[in-house]
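Trainee: For reference, the chains in residue letters:
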Amino acid sequence: MIGKETTAGRATKFTFLGLWLLFSVFPLYWIAVTSLKAPGDIFSFPIAYWPERFSLENYRGLFGKADFGTYLVNSLVVATVAGAVATAISTLSAYVLARFEFRTKSALLMAALVTQMIPSFIALGPLYLLMTDLRLVDNRLGLVLVYIAVCVPFCTVMLRGFFENVPDALEEAAMIDGLSRFGALVRVLLPVMRPGIVAAFIFNFVNCWNELFLSVTLMNSDGTKTVPTALNGFISSFNIDWGSMSAAAVLTIAPTMILFAFASRHIVQGLTSGAVKG
Amino acid sequence: MPAASTGSPATAPLKSSAPPSGSGGAPRRPGAAGGRRRREFTTRRGLIVAAFMAPAAVFVAIFTYYPMIAGSQMAFRNWNLSDLTDTSWVGLKNFRDVFTDPAWGTVAGNTLLWVAGSIVPQLVIGFAIALWLRRRFRFRGLYQALIFFPWAISGFLIGILFRWLFNSEFGVVNDVLQRTGLIDEPIAWLADPRTAMVSVLIANVWYGVTFFAIMILAALQSVPDELYEAAALDGAGKARTLFQVTIPYIRTTLALTVLLRVIWIFNFPDLIFGMTGGGPNDETHIVTTWMIKITQQGDYGKASALGLLVVAVLLVFAVFFLLATRERQATGGRGAGRRGAGERGVWA
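Protein sequences, first through last, are from chains V and P. full-length UniProt numbering numbers the first residue of the first sequence as 1 and each following residue consecutively. full-length UniProt numbering numbers the first residue of the second sequence as 1 and each following residue consecutively.
Bound-form chain V, shown alone (with noise of 0.2 angstroms):
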């Protein structure tokens, strides 16, 4: 394939590789670790990579003091409605874009370029403006609406590769025997690209969960308070409580992390193809 590999070639590259993941997954180590220290240990010196005693502690403190249980809640059910809707939204899109030519497409895909380019603060105030008009501000609705118009754009062109990658053949096929074209996007194409829209709904899950900017403008009030909004809260006091704050980094990374496992083989095998090609 490529060439014979050397012993020591083997020696350098999985030495790399070797570093690289250490790199990779020792910050995730290190704040688990820490939120699982007792208060007064994290301050220990010198610094325990292994600590002698494990306590719950932070986590506690987490449901007890701060109301984190809700701010999950909250997150969860924003990031699975705007998610699946934005998913199904961009399947729609997608489709169009990739099966059709027309004069406007080329417009509509640089349009979807555009929004990556622009910083999401300069239309924050005019969407808090227009959030107060609609009553939507502190409203979970009006965080669902503006997070599935920052995930289509993306998600639309994610899925229209995954599209591409099927053959036309298999929905002229389709056509042949009978089925309408919507019918052939039903029953053959979307059972087809289901990998492909798993890994975009993920993917927009992910990043509904993760966005803080949008969320600190329009979620204000304790009870409709996302996570990323909350841990902003953590650290603009002066000095960080770093055991509440590595607790609550442990649960908001957790799901996404347990999400992308499974993502992150759909959307490698989505680009490298093969799959899905019949």
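It is possible that part of the hints are untrue.
[As the list claims (entries may be wrong)] Heads up, incomplete: computed chain V residues facing chain P, CB under 10 angstroms, no partners named:
hint	residue
1	Ser24
2	Trp30
3	Gly40
4	Ser44
5	Leu72
6	Leu108
7	Leu127
8	Tyr128
9	Leu141
10	Asn207
11	Ser246
Calculated directly from the structure, the hints in this document are not laboratory data. We put the CB at the ideal spot given by N, CA and C, even for glycine.
Based on the hints, put chain P in the right spot on chain V.
Mentor: Leaving out everything else, chain P in the frame of chain V:
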């Protein structure tokens, strides 16, 4: 499934490369189709396009484009929370305020450093990882999944994570460096502007390498083995094969990935916001974090002017982006044989 009988009226072409006003239809379209029939077909096709595009267009128009355009015009108005009675048109005053601000030089320099200092290591390390992952080995899938994890974390949280690692008293970075004898005294990483900038760059490289690795790996798998066999027959060494076979073949993917990442990194305040908040003394601000600070001070006019500058700079990159894409279409593109997804433009 039965073989497609070409020319059957049911074989409505799924795609046509001709403009909609033209005779729309794939080559196998029966030549006998009359004008009326053709127009009906075009109308129906137009309806499908419109109906399927509508939901996406409506959401993006209302919640992205409307606020963006409304926000842009603030750049030309006096729009300050300290005095909202006067929101008159002030022309280019806000832009002048940006360029005459003493922090502007630092911010502009930091932004360039932030983009270049993130992109280059991400690309080089990502490329190396992709090359090494190309050959199968045990646990390769697990390895990929593990190094993919940073991508699942928000930039803001990555900032917090690395703020803890680079903590001057209880941070792991100082501890490791002291234990290995590389430094004698703990370094106050985030308190000194120069080391603070290095620290945020390290955090961003940690975050972004995987994306390059995945994109490049995908592209590498589209390179035909015959090319490598031919190169080997010619006696080309590793380096020559890399520069004369691999890189030229995946050049489009490389260009597109780099440009897309430039746009994202340029416009990515989250990590710095979480890690240093722009400090110490505003020394690690990039354009977008500075924009946050100005917004928090209430000067929406000046912040919007800054935002428009960002969009303008990024549009220049987009032009390069589209040119790179056009080149791809000229040298093959669709229909000229199937190519790997990595060889396909992401946006066009």
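Trainee: With chain P as the partner, please determine if Leu141/V meets the hint condition of a C-beta pair closer than 10 angstroms.
Mentor: Violated - the Cβ of Leu141/V stays beyond 10 angstroms from chain P, reaching only about 12 angstroms at its closest.
Trainee: Holds or violated: Leu127/V as interface residue toward chain P, Cβ cutoff 10 angstroms?
Mentor: holds (4 angstroms)
Trainee: For the hint on Ser24/V, just tell me whether its beta-carbon gets within less than 10 angstroms of chain P.
Mentor: holds (5 angstroms)
Trainee: Restraint: Ser44/V near chain P, CB-CB cut 10 angstroms. Satisfied or not?
Mentor: Where the cut-off is 10 angstroms and the nearest Cβ of chain P is about 9 angstroms from Ser44/V, the hint holds.
Trainee: May I ask you to test the interface hint for Leu72/V with respect to chain P, counting a Cβ-Cβ separation under 10 angstroms as satisfied?
Mentor: violated (14 angstroms)
Trainee: Against chain P, is Trp30/V within 10 angstroms by beta-carbon distance?
Mentor: holds (6 angstroms)
Trainee: Holds or violated: the hint that Gly40/V contacts chain P, with Cβ atoms closer than 10 angstroms.
Mentor: violated (13 angstroms)
Trainee: Holds or violated: is the Cβ of Tyr128/V closer than 10 angstroms to a Cβ in chain P?
Mentor: holds (9 angstroms)
Trainee: Just to be careful: measuring from the Cβ of Asn207/V to every Cβ in chain P, is the smallest value less than 10 angstroms?
Mentor: Nearest chain P Cβ about 9 angstroms off; hint holds.
Trainee: Answer holds if the nearest beta-carbon of chain P is closer than 10 angstroms to that of Leu108/V; otherwise answer violated.
Mentor: holds (7 angstroms)
Trainee: Would the hint on Ser246/V stand, with a C-beta cut-off of 10 angstroms toward chain P?
Mentor: holds (7 angstroms)
When the structure is compared with the earlier hints, violations turn up for hints 3, 5 and 9 and for no others.
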